[in-house]
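Undergrad: The chain contents come next:
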Amino acid sequence: MAETALEVKNLSAGYATVKGFVRAVDDVSFTLTKGEFMGIAGESGCGKSTLAYAIMRILRDRARIESGSIWFKGKDFASLPLEDVEPHRWTDMAMVFQSAMNALNPVLSIGEQLTDAVHAHRQVTKAEAEGMAVAMLELVDINADRLRSYPHQLSGGMRQRVMIAMALILHPDLLIMDEPTTALDVVVQRSILEKIEELQTKLGFSVIFITHDLSLLVEISDALAIMYAGKIVECGPARELFSSPSHPYTQGLMDSFPSLTGPMVRIEGIKGKAPDLLSPPPGCRFAPRCPKVSPACLEAPGPGLVPSGSRRSCACVLVGGDR
Amino acid sequence: MSAKALELRGVVKHFPLRSLMSYGKSVHAMDDVSFTLESGGSLALVGESGSGKTTTASVIARLYERDSGELIVDGEPAKPFRNRSESLAYKRKVQLIFQDPFGCLNPTHRIRSILERPFLIHGLADGASDLEAKLRGILEQVGLTPAEDFLDRFPHELSGGQRQRINIARTFAAGPSIVLADEPTSMLDVSIRMGVMNMMLDLKERNGVSYLYITHDLAGARYMCTTIAVMYAGMIMEIGSTEDVIGQALHPYVKLLKSASPAPESGLTRTRLEAKGEIPSLIAPPVGCRFHPRCPHVRPECREAVPELRDVGGGRKVRCILV
Numbered sequence: 001m002a003e004t005a006l007e008v009k010n011l012s013a014g015y016a017t018v019k020g021f022v023r024a025v026d027d028v029s030f031t032l033t034k035g036e037f038m039g040i041a042g043e044s045g046c047g048k049s050t051l052a053y054a055i056m057r058i059l060r061d062r063a064r065i066e067s068g069s070i071w072f073k074g075k076d077f078a079s080l081p082l083e084d085v086e087p088h089r090w091t092d093m094a095m096v097f098q099s100a101m102n103a104l105n106p107v108l109s110i111g112e113q114l115t116d117a118v119h120a121h122r123q124v125t126k127a128e129a130e131g132m133a134v135a136m137l138e139l140v141d142i143n144a145d146r147l148r149s150y151p152h153q154l155s156g157g158m159r160q161r162v163m164i165a166m167a168l169i170l171h172p173d174l175l176i177m178d179e180p181t182t183a184l185d186v187v188v189q190r191s192i193l194e195k196i197e198e199l200q201t202k203l204g205f206s207v208i209f210i211t212h213d214l215s216l217l218v219e220i221s222d223a224l225a226i227m228y229a230g231k232i233v234e235c236g237p238a239r240e241l242f243s244s245p246s247h248p249y250t251q252g253l254m255d256s257f258p259s260l261t262g263p264m265v266r267i268e269g270i271k272g273k274a275p276d277l278l279s280p281p282p283g284c285r286f287a288p289r290c291p292k293v294s295p296a297c298l299e300a301p302g303p304g305l306v307p308s309g310s311r312r313s314c315a316c317v318l319v320g321g322d323r
Numbered sequence: 001m002s003a004k005a006l007e008l009r010g011v012v013k014h015f016p017l018r019s020l021m022s023y024g025k026s027v028h029a030m031d032d033v034s035f036t037l038e039s040g041g042s043l044a045l046v047g048e049s050g051s052g053k054t055t056t057a058s059v060i061a062r063l064y065e066r067d068s069g070e071l072i073v074d075g076e077p078a079k080p081f082r083n084r085s086e087s088l089a090y091k092r093k094v095q096l097i098f099q100d101p102f103g104c105l106n107p108t109h110r111i112r113s114i115l116e117r118p119f120l121i122h123g124l125a126d127g128a129s130d131l132e133a134k135l136r137g138i139l140e141q142v143g144l145t146p147a148e149d150f151l152d153r154f155p156h157e158l159s160g161g162q163r164q165r166i167n168i169a170r171t172f173a174a175g176p177s178i179v180l181a182d183e184p185t186s187m188l189d190v191s192i193r194m195g196v197m198n199m200m201l202d203l204k205e206r207n208g209v210s211y212l213y214i215t216h217d218l219a220g221a222r223y224m225c226t227t228i229a230v231m232y233a234g235m236i237m238e239i240g241s242t243e244d245v246i247g248q249a250l251h252p253y254v255k256l257l258k259s260a261s262p263a264p265e266s267g268l269t270r271t272r273l274e275a276k277g278e279i280p281s282l283i284a285p286p287v288g289c290r291f292h293p294r295c296p297h298v299r300p301e302c303r304e305a306v307p308e309l310r311d312v313g314g315g316r317k318v319r320c321i322l323v
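If you read the sequences in order, they're chains A and B.
Under the numbering used here, read the first sequence as residues 1 to 323, first letter to last.
Under the numbering used here, read the second sequence as residues 1 to 323, first letter to last.
For reference, chain A alone in the conformation it holds in the complex (with noise of 0.2 Å):
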C-alpha cells in the first residue's frame, strides 16, 4: 500500500495587496505518495509558485495561508508556529529555486554555501560537512575541485546541480522543484531532468516539479496536476491526462504545445487571457476563455474537484460533476 508523503487539503494562501486580498491559492488539495514524481502545471500567475512556498512555510511580508491544512510526518503545516517548522525545513523538505543565479550567494563558494546548509541544521564537524558536500556533487556529477569555484565560474546547468544537490545534502523526504530547467537550454534540461530522476530511484524522496511546460512533465511525471487561476482543475496519472484530458483547460494546454513528430495539424491554443485574481470570475474561472462554455458554468461557486475516474478527479461541470 502506497503511504502518503503529503496531503494537502483545502489550502488558501494569497497577498495582501493595496487593492485587496489575491487568493493565489485556492482551496488546493492533492496528496503526494511516498517516492512520487508529481508535476504541477500552469501558467504565469496560476499560484503555482506560491503553492510550493506555502508548503515550504516561506512565504513573507505580505503573504500568508489563510486556511486549510498540510499534513506532513503527521503534523499541520499550516497551522505549525513557525519556530516548530523549522527543524524541518531542509532536514526533511528541501527546495529547488528557479533561478540559480540568483539563489546562490555570489560571494561564497559553492563549497561553503553546501557546507552552510549541513552545519544550520546538523552537529558535524567541518570536515564531516565537507565530506558531504563532495558526495553530493558527485551524486550530480560536479567533481570535488570545484568546491572552492564560485557561483559565476560555472554554467547555468552546473549552477542549476549545485542547487538540487545543496537541496539533496540532508537527504530529505520531499523536493520542491520551482521551475528548475527553464532557464535553461533543451539539453541541459534533459540532462537534468535525467539527474533528478536518478537520483531519485537512489535516495527515494518525493518530488513536486512545478512548471509552465506541461510537454516536459506528461514525460516525467507520475501523477499531474494542472493549476488554473489558483485553482486545480484536473489532476490524476501524468499518461492518462495527456492521452485523454477532461477539463477543457487541460484539453487547451495539451493543444498549444506544436508536436516533433507525427501529421503537421493547425493547433489553436486557448484563446484569451488568465482572469485577474482580485476579481475572479464568480463561477468556473474558466469560462470566460471556455470553449464548451454553459450557463451553468458561469454559476457561483465554481465546480470543485470530483473523481472521474479511479485517481482522476476534475473540476468541471461537464465532467461527472456535482451538478
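Hints are not guaranteed to be accurate.
What the hints assert, rightly or not - With the Cβ distance kept under 8 Å, some of the chain B side facing chain A (calculated, not the full set): (1) Glu48; (2) Ser68; (3) Leu71; (4) Gly161; (5) Leu218; (6) Leu256; (7) Pro262; (8) Pro264; (9) Glu265; (10) Arg272.
Stated by the list, open to error - In silico lysine-lysine, PhoX-like type, Cα no more than 25 Å apart, as pairs: (11) A:Lys271 with B:Lys204; (12) B:Lys276 with B:Lys255; (13) A:Lys195 with B:Lys276; (14) A:Lys34 with A:Lys202; (15) B:Lys276 with A:Lys202; (16) A:Lys73 with A:Lys9; (17) A:Lys202 with A:Lys19; (18) A:Lys9 with A:Lys75; (19) B:Lys134 with B:Lys4; (20) B:Lys255 with A:Lys195; (21) A:Lys195 with A:Lys34; (22) B:Lys276 with B:Lys91; (23) B:Lys258 with A:Lys195; (24) B:Lys4 with B:Lys204; (25) B:Lys204 with B:Lys255.
Because the hints were derived from the structure by calculation, they are not lab data.
Glycine residues also receive a C-beta, built at the ideal position from the N, C-alpha and C atoms.
Following the hints, complete the assembly by docking chain B onto the known chain A.
TA: Same frame as chain A, now just chain B:
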C-alpha cells in the same frame, strides 16, 4: 525559378573583447554562416543560447555590420550605407521582431505613437486620416479589435500577448519583405503562444513576406517553417527541409537536440541522452569541429579541421565528416 529573398555567404561576425585581461581576444559569434531564404519562404534558425542565432538576425538587420562574407537581399549585395535614405530603405525592407514584448515598447508612449512611428519615419501615410485608417488596419491584422480600445492605451495596460501583437504590428507597418523573428513567443504564456504563432502564419500568407524564425524549440520551428538550419557555437551544423532534418537528423548535434526535446506524442518512451556537457566558450572555440568535445562519435580527424558544410543531396547540407 523561385527568387531568393535573402542569401548569406560565409558571413563572419566576431566581437572583440576590450578588457585588459582578454585584450586581443574576441567572441566568435558567427563563423562561416551561409544559407538562402527563398522569397515567400520560411527558415527556422534553431539553436541553444549562445549559438549565435540572435547575432545572425542582428547582422541581417544590419544593427551591426558583419566582419566578412556576403549578405545579399533581394538580389542586391549589401554595401555600406552612404546616407540615411539608403539605410532607411534597407530597414524598411528588413524588419525585426524582438523577443521581449515587455522591454521593446516604450512605456511612456501610447500605442498610437508607437505604431505611428514606422509610417511617419518611412513616409507611408498620406495625411492624418490615411494614417488613422492605416493604424486601424494594422491593428485589425494582428487581431486587436476594436482599434480604439488599444490606440490610446499604454503598454503596461496590455497583457503580454497583446503587447507582442503590437510589437508584431509595428514590424509589419513598414511593409517589409523580410521579417526576422527573434524568439517571438518564448516570453509568452504557453496557452497564448499558439494564437500568436497562428497569427504570424496568417500575416505571412496575407503579406507575402519571408520569415527568418529564430527559436530554441524544434517543435515550434517545425510548426512555423519549411526549412530548418541548426546552429551550434556560431556555425550552421545542418540545414535542409524541416521534415528531413527533424524526421531523419544526420548531424550528431541535431540528433542530440532532437532526443532532448519533449515529444510526449511519440509514445513516452525515451532513450537516454547520448551526450552531456554544454555549449563551448566562443572566446576560444574548440579547434576542429566545434561539437567534437561533446560528440559521442568523435574521431581524431574531428579535432583537426573544421568540417565543411557539405551538400548531401536533396537540398540538404551537413557539417560533419561522418555523414
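Undergrad: Next step is simple, just say for each hint if it's right about the structure.
TA: For each hint, the structure was consulted:
| no. | hint | verdict |
| --- | --- | --- |
| 1 | Glu48 | holds (4 Å) |
| 2 | Ser68 | violated (29 Å) |
| 3 | Leu71 | violated (28 Å) |
| 4 | Gly161 | holds (6 Å) |
| 5 | Leu218 | holds (6 Å) |
| 6 | Leu256 | holds (6 Å) |
| 7 | Pro262 | holds (4 Å) |
| 8 | Pro264 | holds (4 Å) |
| 9 | Glu265 | holds (5 Å) |
| 10 | Arg272 | holds (6 Å) |
| 11 | A:Lys271 with B:Lys204 | holds (21 Å) |
| 12 | B:Lys276 with B:Lys255 | holds (13 Å) |
| 13 | A:Lys195 with B:Lys276 | holds (11 Å) |
| 14 | A:Lys34 with A:Lys202 | holds (14 Å) |
| 15 | B:Lys276 with A:Lys202 | holds (21 Å) |
| 16 | A:Lys73 with A:Lys9 | holds (15 Å) |
| 17 | A:Lys202 with A:Lys19 | violated (48 Å) |
| 18 | A:Lys9 with A:Lys75 | holds (13 Å) |
| 19 | B:Lys134 with B:Lys4 | violated (29 Å) |
| 20 | B:Lys255 with A:Lys195 | holds (20 Å) |
| 21 | A:Lys195 with A:Lys34 | holds (19 Å) |
| 22 | B:Lys276 with B:Lys91 | violated (41 Å) |
| 23 | B:Lys258 with A:Lys195 | holds (19 Å) |
| 24 | B:Lys4 with B:Lys204 | holds (16 Å) |
| 25 | B:Lys204 with B:Lys255 | violated (30 Å) |
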